[in-house]
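Student: Sequence:
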Amino acid sequence: MQDKEVKGKSIKADGTSKRFGGVYPLSGLEIRSLRQLQRDYPASPYIFQSSRLGPLAHDTIAGIVERAGELAGLPFPIHAHMLRHGTGYYLANRGIDTRTIQSYLGHKNIQHTVRYTELASTKFQGLWHD
Numbered sequence: 452m453q454d455k456e457v458k459g460k461s462i463k464a465d466g467t468s469k470r471f472g473g474v475y476p477l478s479g480l481e482i483r484s485l486r487q488l489q490r491d492y493p494a495s496p497y498i499f500q501s502s503r504l505g506p507l508a509h510d511t512i513a514g515i516v517e518r519a520g521e522l523a524g525l526p527f528p529i530h531a532h533m534l535r536h537g538t539g540y541y542l543a544n545r546g547i548d549t550r551t552i553q554s555y556l557g558h559k560n561i562q563h564t565v566r567y568t569e570l571a572s573t574k575f576q577g578l579w580h581d
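Using our numbering, you'd call the opening residue of the sequence shown number 452 and step up by one each time.
None of these hints come from the bench; they were simulated from the model. Some clues are possibly wrong.
[Claimed, not checked] Pair ranges (Cβ atoms, derived):
| no. | residue 1 | residue 2 | range |
| --- | --- | --- | --- |
| 1 | Arg550 | Arg483 | 27 to 33 Å |
| 2 | Gln562 | Gly537 | 16 to 22 Å |
| 3 | Phe527 | Gln562 | 38 to 44 Å |
| 4 | Gln489 | Gln562 | 24 to 30 Å |
| 5 | His530 | Ser478 | 20 to 26 Å |
| 6 | Ile515 | Val565 | 27 to 33 Å |
None of these values were measured; they are calculated from a predicted model. No residue lacks a Cβ here, since even glycine has one placed at the ideal position from N, Cα and C.
Let's have the full structure, built from the sequences with the hints guiding it.
Tutor: Below is the structure:
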C-alpha cells in the first residue's frame, strides 16, 4: 500500500490496482499508530515496508497472516483474503447496507457482496414490530 496519506479520520490508499485503492475510515487508535509511523519513517511511502525499504511482497504478507493463524491456535489454515471475507461478514452482521459493503470492498458485481449478507444474523431483524 503506497501513499500513506492520513487526512482527518481516513487514509488514502493507492493499491496495486483500482480494486484495492481508495479512501478508508480509521479509528482513533489507527490514526495515532499511523501518525507515529509517519514520524518514525518520514521518508517511506509505505505502511508495510520490507527490510529493503520497499513494499512487502504479497507472498510475505500471506506468510505473516498464515503464521498468525497458527500462533492463534486456529484449527484450520488461514490466508490473507480471509481478512476481506471477515470484513464483509462483520459489516453485514452490523446491518450495513449491501451497496455500501460492495463499495467498501471494491466489488464491481453485487453478487460477490451478496454472499456476506445471505448469512447475516441481522437479515430479518426489524421486519416485524411486537
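Student: A separate judgement is required for each hint: does it hold in the structure or not?
Tutor: Now for the hints, and whether the structure bears them out:
1. Taken as a hint, the range 27 to 33 Å holds for the pair arginine 550 and arginine 483, whose Cβ atoms sit roughly 31 Å apart.
2. The given range of 16 to 22 Å is respected by glutamine 562 and glycine 537, whose C-beta atoms sit roughly 19 Å from each other.
3. Checked against the hint of 38 to 44 Å, the C-beta distance between phenylalanine 527 and glutamine 562 comes to roughly 26 Å, which is inconsistent with it.
4. A beta carbon spacing of about 39 Å between glutamine 489 and glutamine 562 contradicts the range 24 to 30 Å that was offered as a hint.
5. A hinted range of 20 to 26 Å for the beta carbons of histidine 530 and serine 478 is consistent with their spacing of about 25 Å.
6. Checked against the hint of 27 to 33 Å, the C-beta distance between isoleucine 515 and valine 565 comes to roughly 30 Å, which is consistent with it.
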